[in-house]
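One letter stands for each residue in the lines below.
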Amino acid sequence: MDRPSCYHCGDDCTKTRIDFDDRVFCCNGCKTVYEIFSNNDLSYYYDLESSAGATPNAIEGKYDFLDNESIVGRLTEFNDGNMEIVNLYIPHIHCSSCIWVLENLNKLHPAIKSSQVDFPKKSVRITYNTIDFSLKQLVLLLGHIGYEPNISLEDYDNKKKPVDRSLLYKLGVAGFAFGNVMFLSFPDYFDLSTSDVSGGEFWLNRYEPIFRWLMFAFSLPVVFYAGRDYFISGYKGLRSGLLNIDVPIALGILVLFVRSTLEIIFDWGPGFFDSLTGLVFFLLLGKFFQQKTYSFLSFERDYKSYFPIAVTRINAKGAEETTQVHDIKKGDRLLIRNEELIPVDGILINGKARIDYSFVSGESEPVRKESGDKIFAGGKQLNGLIEMEALKKVSQSYLTQLWSNSVFRKDTSSTFQTLTDRIGKRFTIAVLSIAIVASAYWLYTDPSRAMNVFTAVLIIACPCAIALAAPFTLGNMLRIFGRRKFYLKDIRTIEQLAQIDTAIFDKTGTITTSLKSVATYEGMPLTPEEESLLKNTIRASNHPLSRTLYDLLNEQNIITLDEYEEHLGQGVEGSMGDDHMKVGSADFVGEQQIEESTNTAVHISSNNVYKGKFIFHNEYREGLSEVFKTMSETLQLAILSGDNDGEKGRLEQLVPKLTPLYFHQKPEEKLEFIKALQQQDKNVMMVGDGLNDAGALAQSNVGIAISENVNVFSPACDAILDASKFQQLYAYILASKQAMNIIKLSFGLSLAYNLIGLYFAVTGQLSPVIAAILMPLSSISVVAFTTVMTNLMNRKLT
Amino acid sequence: MSVIYVLLAISIIVAVFFFIAFIISVKSGQYDDAYTPSVRMLFEDELVHEKETPVKNKQQDKIQLNKQR
Chain A
-15 MDRPSCYHCG DDCTKTRIDF DDRVFCCNGC KTVYEIFSNN DLSYYYDLES SAGATPNAIE
45 GKYDFLDNES IVGRLTEFND GNMEIVNLYI PHIHCSSCIW VLENLNKLHP AIKSSQVDFP
105 KKSVRITYNT IDFSLKQLVL LLGHIGYEPN ISLEDYDNKK KPVDRSLLYK LGVAGFAFGN
165 VMFLSFPDYF DLSTSDVSGG EFWLNRYEPI FRWLMFAFSL PVVFYAGRDY FISGYKGLRS
225 GLLNIDVPIA LGILVLFVRS TLEIIFDWGP GFFDSLTGLV FFLLLGKFFQ QKTYSFLSFE
285 RDYKSYFPIA VTRINAKGAE ETTQVHDIKK GDRLLIRNEE LIPVDGILIN GKARIDYSFV
345 SGESEPVRKE SGDKIFAGGK QLNGLIEMEA LKKVSQSYLT QLWSNSVFRK DTSSTFQTLT
405 DRIGKRFTIA VLSIAIVASA YWLYTDPSRA MNVFTAVLII ACPCAIALAA PFTLGNMLRI
465 FGRRKFYLKD IRTIEQLAQI DTAIFDKTGT ITTSLKSVAT YEGMPLTPEE ESLLKNTIRA
525 SNHPLSRTLY DLLNEQNIIT LDEYEEHLGQ GVEGSMGDDH MKVGSADFVG EQQIEESTNT
585 AVHISSNNVY KGKFIFHNEY REGLSEVFKT MSETLQLAIL SGDNDGEKGR LEQLVPKLTP
645 LYFHQKPEEK LEFIKALQQQ DKNVMMVGDG LNDAGALAQS NVGIAISENV NVFSPACDAI
705 LDASKFQQLY AYILASKQAM NIIKLSFGLS LAYNLIGLYF AVTGQLSPVI AAILMPLSSI
765 SVVAFTTVMT NLMNRKLT
Chain B
118 MSVIYVLLAI SIIVAVFFFI AFIISVKSGQ YDDAYTPSVR MLFEDELVHE KETPVKNKQQ
178 DKIQLNKQR
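Chains as they are written, first to last, in my numbering: chain A, -15 to 782; chain B, 118 to 186.
Isolated chain B, as found in the complex (with noise of 0.2 Å):
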């Protein structure tokens, strides 16, 4: 009947996994700014769309704003 043992242990590493996740979250800042994340989730999809446009146009518009300055 030892698998009880196996069990408990199993259920008891998936915890603690979840718990490490959890701490390791918080530490890196996840839960300071909920905001912001969810905005700029929106964002990233029509980023897609503006990078259709060719490169090369981008950097001369680039050089010429410097040069503006």
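Isolated chain A, as found in the complex (with noise of 0.2 Å):
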């Protein structure tokens, strides 16, 4: 059957349907978005991607806090008294057509001068005039027409991030030394062995010098700008008494510079120019090209950017005000509105508080609370309007607290060896001996040339092969895994990825799912009537559990209520001709004998008479038994839910047996697992979804964040995941494995590029052309080789 499809949004729009100029929307929103598009010469929206837009939320009053000059000040670029600047971060941007109609927003407002999309970090920099316009106005805008951007606090702490550009200007320079020096070391590759006496060209010999000191000079920027990197790490390594792959690779440049220097200075030959800025360039390119990043994504998240800029405060005049959350004193009162976060620590003044903690504790159940009760700070108030007075701080809050923790400042790339440099410490220890016993058989045989062999070895076995293959692998790994919505931080967590033996689940948001859910009914069979009674009741209540319910219901007519009545926090009530219909909490409807029940229940009772429960169950994700199942072959599983036990039943069900499932665990908690776990030499893997993940996502080796829309909020981690590619977990943790095989088969490749070159070195034929061809080759056979093996293992995932 074909389902009539919004025309803004492609939503479903079989509920509701408005008919709008021979075309069909889901919702007034949608359809109002069009007007405005359509009224304002904007309609080729339409024709670049059918079906992009949003619906726009309703978000007045929202931004508020906009009205405030110091706020805004902090939030725009540039500022003059009468142009504004201001880049905001709009999640929505998905396509060409949002690129269109946000760079043409001048056509909607005459005061927006100009803007510019940047669709891999999804924002948008737009510059207006301040005469008759301001950054409210403007963000309204924006989310009247369904791009609504996300201000969050993170935005008002951290001003503009300098761009780090500096590896394309050292690239640069190498790329541009490495061709010149190539151009001219064309002479000496034609005419090696010539000289005047011998009768070779006499221009070339005659210029030799000139071309030989233009190679100085261009190879000294590569050395002491475009190379740096290698000193300064290769030093630090060996300060630290760790002999890694920087460390040969910054000896090879550094003997490579020398002997070229002198060569050129006593006339002995023309040098290794060449090879040297190619070798810097080949390194440099590895370097370029294992850093890809996800500019749309943040590993490093905190709670800043969940949390608003600004809350409503009740002065003491009893006026509202806007203040910024960091002006929260001990004792403010705050005005709470419905889906609004609770910034801080507090008690609750007034009104009926039903807040959602799942993101502090990982909690699915909303908790009731009434006047007087404590609330914490992250819990969304989902009923309405509420006060309450802080007790705290925000940066003293109960969750924020948790940032205070160690975990958030440990540089953890530090401790980390990877496997190249592990490899390169055997690799420096061996070429150091090579180096050394063949110059001493030299200085036995004849000495004058003892010193060409030793840096002729240092040379040729700088390990360059050697440092692309794990940068190319693991940079095609993380592009690979990227069009598989699977989003790594860094090539590192790759290889910390084909370590893990164990892995550690969170239980809500993480392995089951928000999207669906599904409820059984208790209690005495519904006639009919009833059922379509109780159907058409709900049809026309928002609350998240009547939608729920509804897609659940069998399909009924529609008919018209005679009454109906929305009780907030309660419930809904119907009447149809003499029958009377409740649906809601156990109170509403009258039930007296509650159960204790750990479970999200709905009672419905009718004409007064109490019928039975549906009760509400956590969809676990598809696929679930079958994932566990594969994993715990290989893998240590576990689950540590911040929830209750109320499920503890069909968990059991689900998981393999004796997998140890832990509930009510508290943030920090979860942390310290991780570390327990951590001292006994296990590699664990946190796979979570939540703020109160976030400490033991940190604390693991590998820190996995699922999340079901990857642009919304994910805590600071070391991978974000798609939902939809949870059951391929598995598979993307073998196929990281399967990616160090190659590294290690590549290695061997370029060890025997190796073991050709000391062949040259060892018995003193070592001449730059040789170094010259060798060098590159070995490097671009790895390259190759990576390339190809990488994209045939991307065949076979799926």
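Since the hints were derived computationally from the structure, they do not count as laboratory data. Everything numeric in this text was worked out from a predicted model, so none of it was measured. Ideal Cβ positions, reconstructed from N, Cα and C, are used throughout, including at glycine. Check before you lean on any hint, since a few could be wrong.
[Claimed, not checked] Chain B regions said to be covered by chain A (calculated; three or more residues, Cβ under 8 Å):
#	segment
1	120 to 133
2	137 to 143
3	152 to 159
[What the hints assert, rightly or not] For lysine-lysine, the following DSS-like pairs were computed, each having C-alpha atoms within a straight-line distance of at most 30 Å:
#	chain 1	residue 1	chain 2	residue 2
4	A	Lys473	A	Lys313
5	A	Lys613	A	Lys469
6	A	Lys469	A	Lys364
7	B	Lys144	A	Lys97
8	A	Lys313	A	Lys650
9	B	Lys144	A	Lys271
10	A	Lys377	A	Lys659
11	A	Lys106	A	Lys364
12	B	Lys144	A	Lys632
13	A	Lys336	A	Lys358
14	A	Lys105	B	Lys144
15	A	Lys106	B	Lys144
16	A	Lys46	A	Lys301
17	A	Lys46	A	Lys271
18	A	Lys106	A	Lys271
Assembly of the complex is requested from the two constituent chains, each provided in isolation within its own frame, with the hints serving as guidance.
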């Protein structure tokens, strides 16, 4: 059956259908956006990509804090009184239509001068006139057309981070010098061992010094600027007693440079400037390739990107004012609206609170609070307006304190030793001993060539190809995973993933899905009339549980109710003819004997007679038990949940027997659990989703955040996995292991090249042209090998 | 034979010119976002067609929209 879908956002329009202008829309919001676009000559939006839009949310009042001058000042990039430039992050940007409409904002309002989209970052930079326009109006305008920007405390705190382009400069310098030095080396390549005396080309020999000194000049920036990082890293490694791969590289560069310079000073030969610049260029190319970043994702987020910038405070005179979250003091009275986040720990003063702590504790069930109860930062109010009194400052709250734990400051990158570094250690020792033995031999037989042989060994053994194997293999894997919606922070994560032996899962949101839930009915069977009335009663309700239940019930004819009333936080009631139905909490429907149930339930009464209840269960992700079954063959598994143990029975049936299940775990307890495992020399992978897992994710060797929508918030982690790819998780781990094998194979390949080169070096026959051929050849064949192998693996992954 | 000096000088000047052009383009942020311009490039042609619609109409619409708000 062909279902009508919304012309604007592409959603299914069977429930509500609005016909306008010969087109179908799913809601008034979408229709309004269409009207705005078509009235302002922007309907080309729909020609570029069909149904690219988003339904605009109601945002009135949400951005009142943008009236505050000092907040606006912090958010804007540039401000000179009548002109402002602001860079806004808009998660919805996803296609060419989005780019087009956002770059044509000036058609919507004359005060907007220009706007430029940065698609990979999902941000738009807007320049506008502030005479009759403001940031607030701009944000509201964007909200009206379905492009609501995301403004969080993070934007307020960090000013623009400087962009690091040094690698590009270095690559440019090395490439520039490499090309020119190659070019200047040509006379020497073609005119190898001739001189004036032996009758070589007169002009080439005559001008040889110029060519050589020019090459020297070109190699200076390569050694001292482009290759600087290798010296720094090699030195740091030596100082901390580690022989990392950068030590032989730095040694190779240094020896190449010194020997070449001496050669041209004393006119011994042309030097190895071509190999030197080529080596640095290839190494930097490898570095550039491994630097695949997903600029629209952030792997460093903390609570700041989740918290609002400002909240409503009630001042001493009883008037409402907007205040920055950082300015909240102990004793302030705050107003929290529906769907707003509680920024600090405090005491509820007024109103009935139903707080969703799922982000903090993992608890899926909203908690009811009465005035006088303590409420904690990070919870989301779900039930109308409440008033609270702050007990602490933002940075001292229960949730935000987690970030003062030392794991968030520790730089884990320095402690992990990569495969390349481990090989590099043995490699350095081997190369140095070969160099010493060979030069000792030559000292004995022909002392004049000993120095030549010693430097030649160090030059030819410079592990360029080894250093390139990991960046190219893992860089390629990073891209392959990225295409399969598994976004990794850096290539180191793949190496760590390959070593995992323990996998810990969070429950809510990680192995359960928030998109679907199932309900079972308990109680007296409902008559067809009652079923019809029930479905029609909850049809009008917007409560999430009603929407879920509505989708679960059988199709019924749509009837118009005689009476309908929604009681906020309690339930709904509707009547049709003589029949009356109440749907909602146990109190509301008049059920007295409430059994303690750990699961969410919706109770139903018909004509004031209690009928029964629908019990909601977490819906586990598809394929969960298979994923756990295959994983348990090689990995130790456990589940850590912040939730209560209401689901224990069902979970036990799904996961392999004897899988440890822990419930009621606080965020710090999760962190400690991981730490304890690591102390037993386990390599732990943590899979989580919320702020409550943030500590565990940071502590684990590999922290993977599962996200239904990767553009929305996810806590700091090493990798983000799109929820739809959950079943593939184990395949990805296996792929990482295979990638490590590819690297090992290419090490073998590059060692073969090194052995050939060493033969020339040890026998004292290394000429610049051999070095200039061998070095790039080994690098290129390693790059080609890894690329072919990873692409073969890509095909095997489904 | 000093023509070799001229040739070398020219070759280096040309090379340095391109090198400086590269540095300037990196500095101005051209390499920060390598994707959007490739999409944006395709819009320009379409926009010319759009502009054929009378300008007066457009402004009236804008005023209308402002009133709505």
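So, going through the hints one by one against the coordinates:
With 6 residues having a beta carbon nearer than 8 Å to a beta carbon of chain A, the segment 120 to 133 of chain B meets the requirement of three or more and the stated coverage holds. Closer than 8 Å: that is the beta-carbon criterion, and the segment 137 to 143 of chain B has 3 residues meeting it against chain A, so the requirement of 3 holds. With 5 residues carrying a beta carbon less than 8 Å from a beta carbon of chain A, the segment 152 to 159 of chain B meets the three-residue requirement, and the given coverage holds. Distance restraint check for Lys473/A and Lys313/A: the Cα-Cα separation of roughly 37 Å exceeds the 30 Å cut-off, and the hinted pair is therefore not satisfied.
Of the supplied pair hints, the one linking Lys613/A and Lys469/A holds, its CA atoms being roughly 23 Å apart against a limit of 30 Å. Our distance criterion of 30 Å between C-alpha atoms is met by Lys469/A and Lys364/A, whose separation comes to about 29 Å. Under the criterion of a C-alpha separation no larger than 30 Å, the hint pairing Lys144/B with Lys97/A is consistent with the structure, at around 24 Å. For the given pair, Lys313/A sits about 26 Å from Lys650/A by alpha-carbon distance, which is consistent with the 30 Å threshold.
Only pairs whose Cα atoms come within 30 Å are accepted, and Lys144/B paired with Lys271/A is accepted, the gap being roughly 20 Å. Under the criterion of a C-alpha separation no larger than 30 Å, the hint pairing Lys377/A with Lys659/A is consistent with the structure, at around 29 Å. Annotation: proposed proximity of Lys106/A to Lys364/A holds, straight-line Cα distance about 26 Å (limit 30 Å). At most 30 Å may separate the alpha-carbon atoms for a hinted pair to count; Lys144/B and Lys632/A exceed this at roughly 57 Å.
About 13 Å separates the Cα atoms of Lys336/A and Lys358/A, which keeps this hinted pair within 30 Å; it holds. A distance of roughly 18 Å separates the Cα atoms of Lys105/A and Lys144/B; the hinted pair therefore holds under the 30 Å criterion. A hinted pair counts as satisfied when its Cα atoms are at most 30 Å apart, and Lys106/A with Lys144/B qualifies at roughly 21 Å. Proximity of Lys46/A to Lys301/A is assessed by CA-CA distance (about 23 Å); at most 30 Å being required, the pair is judged to hold.
With a C-alpha separation of about 44 Å, the suggested pair Lys46/A and Lys271/A falls outside the 30 Å cut-off, and the hint is violated. Distance restraint check for Lys106/A and Lys271/A: the Cα-Cα separation of roughly 25 Å lies within the 30 Å cut-off, and the hinted pair is therefore satisfied.
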